[in-house]
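Number of protein chains: 2
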Amino acid sequence: MNKQGLLIVISGFSGAGKGTVVKELVAKHDYKISVSATTRKPRALEVHGQEYFFLTRDEFESMIKGSQLIEWAEYVGNYYGTPKEYVINELKASNNVILEIEIQGALKIKEQFPEAILLFIVPPSAKCLKKRLVDRGTEDATTIAKRMARAYEEAVYMKDYDYIVMNDQLDKCVETVNSIVISEKARTKRNEAFLEEIKKELMVFSKGE
Amino acid sequence: MNKQGLLIVISGFSGAGKGTVVKELVAKHDYKISVSATTRKPRALEVHGQEYFFLTRDEFESMIKGSQLIEWAEYVGNYYGTPKEYVINELKASNNVILEIEIQGALKIKEQFPEAILLFIVPPSAKCLKKRLVDRGTEDATTIAKRMARAYEEAVYMKDYDYIVMNDQLDKCVETVNSIVISEKARTKRNEAFLEEIKKELMVFSKGE
Chain L
1 MNKQGLLIVI SGFSGAGKGT VVKELVAKHD YKISVSATTR KPRALEVHGQ
51 EYFFLTRDEF ESMIKGSQLI EWAEYVGNYY GTPKEYVINE LKASNNVILE
101 IEIQGALKIK EQFPEAILLF IVPPSAKCLK KRLVDRGTED ATTIAKRMAR
151 AYEEAVYMKD YDYIVMNDQL DKCVETVNSI VISEKARTKR NEAFLEEIKK
201 ELMVFSKGE
Chain D
1 MNKQGLLIVI SGFSGAGKGT VVKELVAKHD YKISVSATTR KPRALEVHGQ
51 EYFFLTRDEF ESMIKGSQLI EWAEYVGNYY GTPKEYVINE LKASNNVILE
101 IEIQGALKIK EQFPEAILLF IVPPSAKCLK KRLVDRGTED ATTIAKRMAR
151 AYEEAVYMKD YDYIVMNDQL DKCVETVNSI VISEKARTKR NEAFLEEIKK
201 ELMVFSKGE
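These protein sequence lines map, in sequence, to chains L and D.
Once you know that position 26 of the first sequence is 26 in my numbering, the rest is easy, because the numbers rise by one and skip nothing.
Once you know that position 141 of the second sequence is 141 in my numbering, the rest is easy, because the numbers rise by one and skip nothing.
Each statement offered as a hint is correct.
As the list makes no split between identical chains, a pair holds if one copy fits it or if it spans any two.
Heads up, simulated DMTMM-like pairs for lysine to aspartate or glutamate below, C-alpha to C-alpha not over 20 Å straight-line: (1) Lys28 to Asp171; (2) Lys159 to Glu201; (3) Lys127 to Glu197; (4) Lys146 to Glu201.
Simulated from the structure, these hints should not be mistaken for lab results.
So that you can see chain L by itself, here it is in the shape it has in the complex (with noise of 0.2 Å):
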């Protein structure tokens, strides 16, 4: 059967609990993480290769020109992008790889990769996102009303993606996400090499071996 390693691209609208997905999906499962490259400055507690390897614009003008990066874009003034060499790697020896990011990058990402699946996590509701954004506690009311007001410019995207995976228990989520990828390794289209082999066997079989 295929053995290939996933590559599982992760999107959803701030507040839908993505991150806190992806961490239990680690904890729980043998997947890899793929971290994104940025030259904002690290927050504190972010560390450097975890959160974000964190490069000067230099180091990152240069990962664009030498074609390193997935897919890249600016934003507020800052570079953020995928690098190339760690996916390919991990994919090469068989290992799952989640990316977790915003839905222009992982459109693009499904171009470069389309054997790539693509998930976007949803809350119950805009109700429960809006209270999931409150109960945080940290952002102010105009803050979560311009983050509501992205989630429905966003929305639109959501009929791009593969799966739609409810965020409302998050346990039962992260299930969900795990059987989505073994469901997918499962696909027939991915499966057609040990289909072939299988054919050649029963054919000497048949023949009455």
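Assemble the complex: chain L is given as a structure, and chain D must be docked to it using the hints.
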């Protein structure tokens, strides 16, 4: 999210262990089994409504005329078919329905229920398949040779299935089937109504509620 029941069609070579997989699946998870109808005589220990609905030819033919079968076929002088009513009622009641059926029947089901998922259970290898048939000890060498030849003929249809599930370890195989069902329910195309709903809700919130 999508609450619709899913129709899961399971096929596989004779000796691949489909029956055991289905039994375990029902014992561990919440599935309904669609029982086929047949005009063949019940074998020892077979119970009407359990292994099959055992019907007379007249009864079966009246079901054919009344369009009460999703698919039917005649083998070696006996009718076999899938009663429609049970499947439709269980799907409406949001239950997942399993149908263990041979290949031609499975492909006919897919024509009528394009939303159904087709799973093909495979042994790890042709060698292993033959070993299982021999170990079963219920068939002579000629019958085993026939089954292997039939498996070779059937192998060409594996590509028409949505998923290929290897039955190497029973528990793992059962959990893979269950993962496929969980995963399919999260597919974007099965959740279009939910996406529309959350988009509408987000629009209201983005207007500053």
